[in-house]
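Residue numbers (this note's numbering), protein chains in the order written: chain X, 1 to 159; chain U, 1 to 159; chain F, 1 to 159; chain E, 1 to 159.
Derived from the structure by calculation, the hints contain no laboratory data. On a predicted model such as this, the values are computed, not experimentally measured, just so you know. One thing to keep in mind: the hints can contain errors.
Since the list gives no way to pick one copy over another, a pair counts as held whenever it fits inside one copy or between any two copies.
[Said to hold, decoys possible] Pairs of lysine-lysine, DSS-like flavour, derived with a Cα cap of 25 Å:
no.	residue 1	residue 2
1	16	72
2	3	95
3	3	72
4	16	81
5	96	3
6	81	3
7	16	3
Letter by letter, the chains look like this.
There are 4 protein chains.
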Amino acid sequence: MGKTVNKSILLGHVGKDPEIHVLQADNTVANFTLATNDIYRDRMGESHETTEWHNLVAFGRTAEVVRDYVQKGSRIYVEGKLRTRSWDDRETGQKKYRTEIVILDLTLLSFNNGNENGADYSSENGNGARQVRRSNTQQHPGQDYAYSEQGGDPNEIPF
Amino acid sequence: MGKTVNKSILLGHVGKDPEIHVLQADNTVANFTLATNDIYRDRMGESHETTEWHNLVAFGRTAEVVRDYVQKGSRIYVEGKLRTRSWDDRETGQKKYRTEIVILDLTLLSFNNGNENGADYSSENGNGARQVRRSNTQQHPGQDYAYSEQGGDPNEIPF
Amino acid sequence: MGKTVNKSILLGHVGKDPEIHVLQADNTVANFTLATNDIYRDRMGESHETTEWHNLVAFGRTAEVVRDYVQKGSRIYVEGKLRTRSWDDRETGQKKYRTEIVILDLTLLSFNNGNENGADYSSENGNGARQVRRSNTQQHPGQDYAYSEQGGDPNEIPF
Amino acid sequence: MGKTVNKSILLGHVGKDPEIHVLQADNTVANFTLATNDIYRDRMGESHETTEWHNLVAFGRTAEVVRDYVQKGSRIYVEGKLRTRSWDDRETGQKKYRTEIVILDLTLLSFNNGNENGADYSSENGNGARQVRRSNTQQHPGQDYAYSEQGGDPNEIPF
DNA sequence: TTTT
DNA sequence: TTTT
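Please model the complete structure; the sequences and the hints are all you need to start from.
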């Protein structure tokens with residue numbers, strides 16, 4: 001029940017591997033970008049394509065799913081809300097703004113780098129199951145967290 | 001038909017009277033801000049309300065509707081797409097960003113300053129009809145345009 | 001987190017006063033219809049308007065809000081999910097279907113019978129506050145429930 | 001610009017190969033069903049999954065895309081509007097209803113039977129390109145139409 | 001009738 | 001800068 005509505009729906013490809021930060025023991029944050037494409041026709045009737053880049057952020061359980069299953073090239077569906085943060089730039093003293101979509105719902109549409117037709121990953125583990133990243137400490141060596149196995153079958157993918 | 005989706009749905013109140021610009025004879029642009037509210041509960045269980053401000057932009061026919069019917073305090077429903085523009089700041093040389101929602105569909109939910117229950121405006125023209133702004137030259141004296149009466153009953157409100 | 005998406009967004013006017021049923025002590029159900037309009041142009045270029053009627057259903061707390069604030073003519077924004085129920089018709093033995101939108105989010109856009117500009121209701125209580133129906137036993141005499149005052153300021157409207 | 005909103009967003013799997021009908025030379029119609037899943041927890045805390053079936057219909061150019069690229073098992077994203085048709089049943093004389101989603105926007109999320117990771121089809125044509133159905137006369141032998149090659153590169157997939 |  |  002709300003007086004207002006703030007909802008965004010995006011479907012596109014992830015621009016780079018998510019950055020993961022652990023704020024507190026209990027709160028993971030994931031930041032990444034998502035590309036959507038717009039096709040328009042100019043006055044001469046020629047078709048052009050532009051790419052729009054969106055800043056996405058996820059918290060908590062959703063951030064853990066991002067950490068474990070989303071990477072550069074992944075195709076995802078996202079539902080969220082817009083949020084604009086502002087701060088004073090240290091150097092120039094100017095007000096700066098950054099608009100983000102806070103993810104409230106996430107659907108994975110591809111695995112292994114967004115290549116919807118590749119067959120390479122099944123050969124990696126030889127059993128046909130989806131291989132997931134349960135840690136990415138190499139990419140973010142400063143972090144120290146463990147995937148919570150409790151509360152569900154560890155072999156069950158949570159989406 | 002598209003490979004990606006870029007859709008935002010907003011319902012809220014307009015922060016101030018739209019700024020109207022006429023780029024060419026044929027292309028009106030309207031810029032304004034929209035507020036949405038978010039209620040969240042902090043760790044102490046106390047309820048807080050934040051306001052999110054969105055930059056909206058409309059073009060063409062939609063901008064004309066904004067010019068004529070939207071004002072500070074109006075409650076509106078908007079469907080659009082996200083667009084982030086960037087430019088180099090003249091003074092500092094820094095890259096700056098501004099994210100906007102380009103309006104693709106607009107529904108007016110209130111008239112006369114968003115007061116959904118006020119009866120004052122009907123007394124202004126004494127006939128119970130909705131009174132609309134067909135020009136706002138006072139607010140934007142530098143502009144010179146006329147509302148196009150052709151293509152429809154001038155008494156018909158186009159939404 | 002989900003593998004699929006089932007989401008409907010409707011904004012329109014309520015066709016008749018909601019029917020309220022109390023299944024158990026704890027679970028109120030509200031059923032009503034919502035009209036949306038579609039304007040289309042036929043092959044001759046003439047404009048036509050059709051009305052689409054949607055079956056809406058709300059449960060629990062949301063149903064209580066519907067009971068107390070929604071009536072015939074109310075303009076509302078609704079977000080929900082589609083659900084199709086089927087049963088065998090007693091007389092004919094035929095399979096029958098009914099598709100409903102289960103309300104997940106509700107925003108009231110008007111008060112007093114959807115008349116967004118009326119001033120009559122404020123004269124009813126003489127204090128400018130919105131008057132709400134806290135019971136509708138006349139309309140639904142078979143029911144016996146009371147609006148729960150606990151859990152919040154009884155003068156606070158919950159949306 | 002509209003007074004009301006009637007919008008549905010679905011992401012799921014296609015239940016069976018679309019039925020294609022050609023009403024006139026110029027108007028193709030495609031009918032098919034789409035499954036979405038809902039997970040809920042009962043009073044005992046046990047998790048259950050239900051499947052919701054949606055009736056989808058596409059017209060014109062969109063129907064041609066459905067005809068050529070959508071099949072049983074395909075995963076798709078759809079945006080559309082709800083429409084309920086009614087008729088009197090010939091046998092019983094009863095009023096019957098059928099609610100459909102009229103597709104306004106369609107995004108294909110998988111190829112070859114929804115297997116997002118399968119590599120089998122690329123071996124069918126040996127060049128790694130997506131293989132599309134440009135006719136389905138076997139399935140609908142009564143029809144006689146040809147995919148329009150004009151208006152674009154015939155090798156370009158239109159979404 | 002889909003999918004995980 | 002809106003609104004309740």
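Here's how the hints hold up against the structure:
In this assembly of identical chains, the alpha carbons of residue 16 and residue 72 lie at most 25 Å apart only when taken from the same copy (4 Å versus 33 Å across copies). For the identical chains of this complex, residue 3 and residue 95 are neighbours neither inside a copy (29 Å) nor across copies (35 Å), given an alpha-carbon limit of 25 Å. In this homomeric assembly, residue 3 and residue 72 come within 25 Å of each other (Cα to Cα) only across copies, at 17 Å, whereas the closest approach inside a single copy is 37 Å. For a Cα distance limit of 25 Å, the shortest separation of residue 16 from residue 81 qualifies both inside one copy, at 21 Å, and across copies, at 22 Å.
Neither within a single protomer nor between protomers do residue 96 and residue 3 lie at most 25 Å apart by alpha-carbon distance, with minima of 29 Å and 32 Å respectively. Taking the closest pair of Cα atoms, residue 81 and residue 3 come within 25 Å of each other both inside a single copy (15 Å) and across two copies (20 Å). In the homo-oligomer, the alpha carbons of residue 16 and residue 3 lie at most 25 Å apart only across protomers (19 Å), although the nearest pairing inside one protomer, at 36 Å, exceeds that limit.
In terms of the numbered hints stated before, the structure departs from hints 2, 5, listed from lowest to highest.
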